[in-house]
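From first to last, the protein sequence lines are chains G and C.
For reference, each letter of the first sequence is one residue, going 1 to 194 in my numbering.
For reference, each letter of the second sequence is one residue, going 1001 to 1558 in my numbering.
Each hint should be verified, as a subset may be incorrect.
Unchecked claim - On the chain C side, residues computed to face chain G include the following (Cβ under 8 Å):
id	residue
1	Ala1106
2	Ile1213
3	Thr1219
4	Gly1221
5	Leu1226
6	Ser1230
7	Phe1250
8	Leu1349
9	His1543
To be verified - Computed far set for chain G versus chain C, every beta-carbon distance over 10 Å:
id	residue
10	Arg87
11	Gly125
12	Gly129
13	Leu133
To be verified - Output of the computed footprint for chain G on chain C, the stretches with three or more beta carbons under 8 Å from beta carbons of chain G:
id	stretch
14	1378-1392
15	1420-1427
Hint data in this document are derived by calculation from the structure and do not stem from the laboratory.
Quantities reported herein were computed from a predicted structural model and do not represent experimental measurements.
Where is the CB? At the ideal position from N, CA and C, for every residue including glycine.
Spelled out, the chains give:
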Amino acid sequence: MTATTLPQDGQHEAHPKHNLTGFIIFLCSESVIFLAFFSGYALLKTSALNWLPAGVDGLEWRMPLVNTVVLVSSSGTIALAEHFKSREKMALFRGFWILSMAMGAYFLYGQAVEWSGLKFGLTSGTFGGTFFLLTGFHGLHVATGILLMGLMLIKSFIPGNYSGGEQGLQATSLFWHFVDVIWIILFLLIYVWQ
Amino acid sequence: MTITTFPPEPKPEPGWSRYFGFCTDAKVIGIQYIVTAFFFFLIGGLLAMVIRGELITPASDLVDRAVYNGIYTMHGTIMLFLFIFPVLNGLNNLLIPTMIGAPDMAFPRLNAVAFWLVPIFGSLLMASFLVPGGPAYSGWWSYPPVSIQNPVGHLLNGQGLWITAVALSGVSSIMGAINFVTTILRMRAPGMSITRMPVYCWTALAAQSLQLIGLPALTGGAIMLLMDLSFGTSFYRPEGGGDPVLYQHFFWFYSHPAVYVIILPVFGVFSELFPVYSRKPLFGYLYVALASFIIVGLGLIVWVHHMFPSGVAQWMRNLFMVTTMLIAVPTGVKVFAWLGTIWGGKLRLTTPMLFCLGGLFNFVFAGITGIMLATVPVDIHVSNTYFVVGHFHYVIYGAAVMGIFAAIYHWFPKFTGRMPYEGLGKLHCLLTFVGANMNFLPMHPLGLMGMPRRVSSYDPEFTFWNVVASLGAFLLGVSIIPFLLNMVSSWIRGPKATHNPWNAIGLEWLLPSPPPEDNFGEEVPTVISRPYGYGTGEPLVEHQVEIERRLELLEASA
């Protein structure tokens, strides 16, 4: 037994090799919470007598569609950023990484604009409740994603930080793809299925 | 592998203070979990004593009816979220790394955070006794519309605190589950393929997978419940177009599998202990291991059997009746495998073995009433009666808690380095077995006669069985005294334990008692055979003889 493998105070550190495994398990688990919300939404919608509250005749879908295109494309830009990272082209990596963050931020801005223009609120029956629950919970994930990307960007300036492996980057980018896939299902459920 | 440096020279014993702080060593966290869990066990048990004290007479004379509602709600919540889950996570922390030869869990800091959430949400739940209106009173399942009433009108109310505490418990359990699954999948000793893994690790892997799949659904449902309660949404409010039954789906999608999360590791304990104390290999190792995952698969598609009287469609009732009954097949495989293990064995009736035998007996009884409850007409007849309470407590106290006690007595010497006293242990076992059966058996005739649960007064015709049940409950209350006495006194001044006092086979028994901080460190032995090679003379690991001789030398010099 070598005493050097552990710090003297007995505090144990995680082995970085396992981080990605743990993160993937977390994402699988997190998808179930969305699955619960989606199935609740579908059940409430199909069984509702009056789905739309009085004075509301459906959701406007053009602006959300633009938003969708932006968010889904950001999955491409983050993949490009990762690609450049693996080629050690740090400037291009940072450029595309920041672009992905900006696209995510634009999505959140678009969502805020949409929310402020709506004629119904959280308490407008199950329609209003599920709408704000689903878009709000997803929006929280987008915000978390942007935060994680910012953290990874700062880390990329620490010399030698990524020399061992890019598990943090991979995890962030996986999370971002996850957020995108969830949005596509959400868009289909809320805006397309009216 | 060289054996020159293993086992290490004994280091000065680390102080007691690490048990009270943020420590990232899985063995410390394991003990923190178990001690915290038993602290809450005493509180939950005290509430149970009040419930049975109230029910010893037909009239509602001990506590106020509203208080009674709060007491049974908190009893259930505390016992599940603050006792059973934490105590099992404690066993996981102690056993998984040592059984697979890992130095620690995969994410030690996450592990410590997951533990420290337990006292936090525990205090939150306890605080609900102090808020206006008292604690949650809608039963441990918190069905709407009762749970979204908030008659006091405060934003801070018992039900709101209940939901927050349960959601935090979910966060803690998810953190734990990610950790346990990653550890089992990625950190096994060389040569320990998945089919050479001890059954406890199989069952822990199965149980934690269930946590990962089921818990988010409950959390989602709880978020919606909190919004209905506090922010005026109407997901579950019929008057706003909502559906209260939707909550029941979310709740039982997790909370039925939660029973398997509890009982699967206990199956693991049975599978570990029967071979040790029968001196025979585990009968049908691979089938016992794989049955755990069949239980996971089936366990996820049985939840509607809790909702037969909730107005679900007849085809759903039929479907879920069949899936529920199918669960009896993989559990039956396990039960027969244990019987096959004991059969013709050289039995040693130690305290852990007695607890296992008692637990197995109670589990079989609970399995039979379980099949009765799965049958739609019977279920509708006894729904919301004491029959359900009796069945549930046979599973949880009769089988799971007895299995947990067995595990504690069996692995106590390994992690404390001291032997527990056999006499006190056997007394504890006897009181537990008699008390549990006396407490929970009378609930079955009561339920069949039609006594509803969650009432503080009842028709005098139910008196006899209620008195018996209450006396049994008080016996269970007394049974904790020899247990606590045993744990405290043997930890302080019990006889020193050798590295393998039960003559068991397993990686954890090739470590000194208590194991050094990072277990095998870098000298992890290579596993060369399946576990439970009792009576075969086959070594478990390479250089087993040398490792054992070194451990004996170390003990002789101490």
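Going down the list of hints, with the structure as the test:
Given the 8 Å rule on beta carbons, the hint for Ala1106 (chain C) holds: about 4 Å separates it from the nearest Cβ of chain G. Restraint check, Ile1213 (chain C) versus chain G: the minimum CB separation of about 6 Å is within 8 Å; hint holds. Checking Thr1219 (chain C) against chain G by beta carbon gives a least distance of about 6 Å; that is within 8 Å, so the hint holds. The interface hint given for Gly1221 (chain C) holds, since its Cβ lies 7 Å from the closest Cβ of chain G, which is under the 8 Å cut-off.
The interface hint given for Leu1226 (chain C) is violated, since its Cβ lies 11 Å from the closest Cβ of chain G, which is over the 8 Å cut-off. At its closest, the beta carbon of Ser1230 (chain C) sits 11 Å from a beta carbon of chain G; the interface hint therefore is violated under the 8 Å criterion. Given hint, Phe1250 (chain C) at the interface with chain G, holds; its Cβ is 6 Å from that chain's nearest Cβ, closer than 8 Å. For Leu1349 (chain C), the suggested interface contact is broken, since its CB lies about 38 Å from the closest CB of chain G, more than 8 Å.
The criterion of a C-beta within 8 Å of any C-beta in chain G is not met by His1543 (chain C), whose closest approach is roughly 15 Å, and the hint is violated. In this structure Arg87 (chain G) is separated from chain C by more than 10 Å, as the shortest Cβ-Cβ distance comes to about 29 Å. A beta-carbon of chain C is positioned within 10 Å of the beta-carbon of Gly125 (chain G); the least distance is around 5 Å. Chain C draws Gly129 (chain G) into its interface by the beta-carbon criterion, the shortest separation being 4 Å against a cut-off of 10 Å.
Annotated as non-interface, Leu133 (chain G) brings its C-beta within 10 Å of a C-beta of chain C; the closest such distance is 7 Å. Counting residues of the stretch 1378-1392 of chain C whose C-beta lies closer than 8 Å to any C-beta of chain G gives 0; at least three are required, and the coverage claim is violated. For a cut-off of 8 Å, the count of residues in the stretch 1420-1427 of chain C with a CB near a CB of chain G stands at 0, and the three-residue condition is violated.
Violation of the numbered hints given earlier is confined to hints 5, 6, 8, 9, 11, 12, 13, 14, 15; the remaining hints are satisfied by the structure.
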